[in-house]
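S.K.: Chains as they are written, first to last, in UniProt numbering: chain A, 1 to 233; chain B, 1 to 409.
No wet-lab data here; the hints were simulated from the structure. A quick note: this is a predicted structure, and the numbers were derived from the prediction, not measured. Glycine included, each C-beta is placed from N, C-alpha and C at the ideal position. Careful: at least some of the hints might be erroneous.
What the hints assert, rightly or not - Computed spacing ranges between beta-carbons, pair by pair:
no.	chain 1	residue 1	chain 2	residue 2	range
1	B	K15	A	D71	13 to 23 angstroms
2	A	G191	B	I403	43 to 53 angstroms
3	A	Q111	B	N12	44 to 54 angstroms
4	A	E3	B	V387	43 to 53 angstroms
5	B	S373	A	M13	55 to 65 angstroms
6	B	E308	A	G191	21 to 31 angstroms
7	A	S140	B	S373	48 to 58 angstroms
8	B	F11	A	H205	17 to 27 angstroms
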Amino acid sequence: MIEIKDLHKSYQMGSNSLHVLKGINFKAEAGELVAIMGSSGSGKSTLLNILGMLDGADSGEYTLDGVPIKDLSETKAAQYRNKFLGFIFQSFNLINYKSALENVALPLYYQGVPRKERQEKALQYLERVGLKEWATHLPSELSGGQKQRVAIARAMAAEPKVLLADEPTGALDSTTSYEVMDLIQKINDEGNTILVVTHEEDIAHMCKRIVHLKDGVIVEDKKVNQVRAEQYV
Amino acid sequence: MFDRDIWQEIFNTLKKNKLRTFLTGFSVGWAIFILVMLLASVNGMQNGFTGQFNDDATNSIFVRPGTTAKAHAGFEAGRRIQFKNDDIDYIKQSFPDDIEYISARYYTNTSAKYQSETGSYRVQAVHPDHQVIEKTIVTNGRYINEADLINKAKVAVIGRKVAEDLFKNEDPLGKFVEFNNLPFKVIGVFIDEGDDNAERVIYAPVSTYQRIYGNTNYISQILLTYNPTYDLTQALEFSGKLEDLMKRRHKIAPDDQSGLFVWNYAEAFDDISSFSAVLRAIGIGVGFLILIAGIVGIGNIMVFTIKERTKEIGVRKALGARPRQIVNLVLLESIFITTLSGFIGLMFAWIILAAIGPNIETPAFSNPNVSASTVITATIVLIVAGVMAGLIPAIKAANVKPIVALSDK
């Protein structure tokens, strides 16, 4: 599903060049649930940005679902993001004046789905994250966990190939974190490919595979026995 | 473009920042208000000028003979041209569809005497049509008619000042007054809005005076009005044809400027029109400069709004919003604020003008108003202004990197 070969990325910091990613090779099959771990400055966010087509690599190859991702125009990148990727952010990033339903329907809007159809679809996804009765509520009326579940519904609404979650539990307490991870695991059970960036060990162990980044290189890549989050909920 | 989501977003941002929206909107509304008021004032001035000239029929042409300056068709230069009665018939026959009213004028002076009162006055011997061409208002009695003309009747229509001078408080109608010792019957008294001198005039039938002065058929001047539906171009074209025809008839060189004079009132209006066009251009110029201040204000606020919404725009981009869609959103919001507030300014100006405009009636300024074309122009200007105001913020928004939305830890 995702294939990266010898990926390099450096940032220009004044006169110094900061080499963030120093040759990453990584492959993820469809249906995988991968945790990307590392301390801050390890390059995990940069990697996620490149995977999310929010940033370009300096060199190396990136193939997503058989499509080479290289030298994209802004418009093309937007189209690919919409088609291939669903984002889940640490701070949810819901649009605060839109109801839960409208937030979930937003990626469908950018896909050009007619209003009625996208509302029906958005409602289905809200139902899947257990928030159907909260559809008309604004994000400010939801708890942190509920917000993240809305964000997950939004990420899934466009039926992307890969879900990218950047510290999805970073702003949540542990009980809510497990609830969210439970949801992510269930989505993964249905066959969705999910990448989770985290620095929390317990969250990482709820994935099926852990990739450790350190100083811009992958130092460890191992399959783990998944800890089901359900038991903590 | 006209989809509910975009409008929902626009209304939301406006609602969240009511004071800010009001303040920015005010600058544009105010600019449009001033622009419309300036244009209305120019209109008012134009109306005032037009009113001044309305004393005479605005579709009138005066033809006056002169002295040739060039030798032509075997005649030497310096020949005096004399119009005669048949010139009128000739013009009538040549332009049956163009001419509305036509009259000759025969100028002379007379000393008038009634009992012990005497005075010296200008006499204009004319045809009945002259009343319409000069817009003479007869307050007592009647004007000269066809019968007077055929009978060469010694009748006179006298100006109000003449009546006051000679008759004092007496009613002049039906009285006989002596012009150069010949008795004329007063059949009417007229007033003229122009000035007192215009009321020190006596009208008499042209045929009567031609007989008195040696049985001639001479006339001093020809006045006529043309079809009032003609616009300026048609009017000028007609007077040009008339001039060519009269020059040919009197064997004047076509390029001779002094052989005869054709004075078309439309030309005066042409001058006034160009004068008010300049005024209007100045009005529009000043209005635009003020509008630019408003546009800059809106642009400024929009840039600020975009900065505030950077994160939201980043999220939208991450969700697949194309740069064009973001630009559209910002532009539409900008156009919406400018158009709405501009229309409010326009409505205010309109209401004020509708309320006080018709009451303003001075010689140089009357009934300032806005025409439909002004409103349409203002609307187009507003939409363009909205695009201009939104352009820089929209570009800024389109350049927002979605990375910004992610790097929030």
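S.K.: Hint by hint, say whether it matches the structure.
M.R.: Status of each hint after checking the structure:
| no. | hint | result |
| --- | --- | --- |
| 1 | B:K15 to A:D71: 13 to 23 angstroms | violated, 41 angstroms |
| 2 | A:G191 to B:I403: 43 to 53 angstroms | violated, 29 angstroms |
| 3 | A:Q111 to B:N12: 44 to 54 angstroms | violated, 22 angstroms |
| 4 | A:E3 to B:V387: 43 to 53 angstroms | holds, 45 angstroms |
| 5 | B:S373 to A:M13: 55 to 65 angstroms | holds, 60 angstroms |
| 6 | B:E308 to A:G191: 21 to 31 angstroms | violated, 40 angstroms |
| 7 | A:S140 to B:S373: 48 to 58 angstroms | holds, 49 angstroms |
| 8 | B:F11 to A:H205: 17 to 27 angstroms | violated, 47 angstroms |
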